[in-house]
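**Q** Since the structure of chain Z is already known, use the hints to place chain W with the ligand on it.
Taken in order, these protein sequences are the chains called Z and W.
Under our numbering, the first residue of the first sequence is numbered 5, with each subsequent residue one higher.
Under our numbering, the first residue of the second sequence is numbered 9, with each subsequent residue one higher.
Treat the hints as calculated values from the structure; they're not laboratory data.
For each residue, glycine too, the CB sits at the ideal point set by N, CA and C.
So the derived list for chain W, only partly shown, Cβ under 7 angstroms to chain Z, looks like this:
(1) S45
(2) D150
(3) A184
(4) H206
Covered by chain Z, according to a simulated footprint, are these stretches of chain W (three or more residues, beta-carbon under 8 angstroms):
(5) 173-182
(6) 185-196
(7) 208-217
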Amino acid sequence: MSTGIGPGPAGTATGPAPRPAPVLSVRDLSVRFLMPAGRRVAAVTGARFDVLPGECLALIGESGCGKSVLASALLGLLPGNAQTAGSAFLGGLDLLTAGERTLARTVRGRLIGLVPQSPAAHLTPVRTVRSQLEETVAALTATRGRAALRTAAEAAAERAAFPATHLDRYPHELSGGLAQRAATALALVGDAPLLLADEPTTGLDRDLVDRTVDELRRHVDDPGGTEGAGRALLMITHDLAAAERIADRVAVMYAGRIVELADATAFFGTPGPRHPYSRGLLEALPDRAFRPVPGMPPKLGDLPDGCAFAPRCARATDLCTGQAPPSGEVACHHPHVPEDVRA
Amino acid sequence: MLELRSITAGYTRNAPVVRDVSLTLAPGASVGLLGPSGCGKSTLARVAALLHRPEAGSVLLDGEPVRRWRHSAPRDQRTAFGVVFQQARLSADPRLPLTGLIAEPLRATGRAREIPGRIAELAPAVGLTPDLLTRRPHEVSDGQLQRACLARALVLRPRVLVCDEMTAMLDASTAAALVAAVEDYRAATGAALLAVGHDRTLLRRWCDRTVHWDELT
Ligand code: SF4
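Just chain Z, with the same shape it has in the complex:
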């Protein structure tokens, strides 16, 4: 599928490698919740990012920072009291203005494969994995007929490394790892160009986290289906180790804003993050300083005028409390620069 705005297929151009057209392009996305008594909650403000084919972008931040709201906005699953602004283009379609009919028929499952947070809850408890896969194949593809559906369901299971021997089991008979694979198999059925994984590793053991994210990575790198370019993966997570393991780029969210967008290698290695909040988050890891960021995030219904991180920030100045930080790769008046990082 062509978005019609990017350069031609990679490899045909001479000179610097052309940047492939993004699979997902989010611009100035904001979400407001209208509450009783005229209160407004600024759940997401001015989010801007692209996800390219064959790329994993990890959206990280603590619970309540707005990252799940952002995911819901992309899927058209916001509650009725939500107002959105900006755009989120997936191919030629703006997800924010698409109607529910379009979202249900062409977006969820077909353009976006959702890898859910809690696979056990996402799977239908009273039906076997096989019957759920067959139903999804029938709903999302042109495959028809009992035998063909059966074959396609088995192929889908195999793609997610779900063992054929367990296809006739019910969700509660599966281990956490297999439930996660069953959910991933369902997400892959529609061969969507964008995978959206919402906290896919929550509650899993570290070994299983590693396996789950490695499998997701494999689906990103797999050239099949999407005209050879690979899928795009947007992974929403609070698990920094999981993000470090598979992300190409990292977006850090704080109080509804993306405060830093960085290359994953630079972010987790040297020179490290540039935004004071991102640095604090990494320093809290038990294999680093194990030191929490002091204080707590502000209420999204009552954000300060300047930088929302200012009350917790050791680098804050009057400028920070008076004026919103610049937008860009690092939303900060006084970001760390590579020099003081090396010091």
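**A** Frame of chain Z; chain W with the ligand shown alone:
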């Protein structure tokens, strides 16, 4: 001192998930119990906190054998423990504001008079601001709710804290903050800690001693 001697425990007859496991927690000590999910370590933690009666073996608290469990355990034994679980939402009454949640054990033991004083001490210790205390569970984040659950576990000043995957659902900063709050409490009171989890890096950094489930069985 808490001693678990040859504990066998489970939920259905003849299918124990814990088989003949022994573990000793000296006064003031901290032990990290490391193992994959489903291995039985959470069941052992529940036995240790007197929340689950084992099929065989004995639990000794300061040399005194435990004979009754859960609500029928003698009050001084029951209240010696503070427990924090992984899923704050499952263990929090959704109707109660956070203050009510934290104060629950005081009310249940007829010590409602102490509520204002203990809340005033504990809220800052776990990092809860006054505006959060009046909110109900659905109005706070997972991290904020878990802070309240830790405060509730500390409200009766337990001698032993049992933390079962306390930080598994939380972001790095909230996790570090909760561990720091536990360690501040232990430094002030000399309480012992049994921290159960699957994150090797975390438990090694947090506890004096880390044992792997395989070494116990
Ligand atoms: S803008 Fe100022 S307060 Fe905000 S993160 Fe940067 S230095 Fe800190």
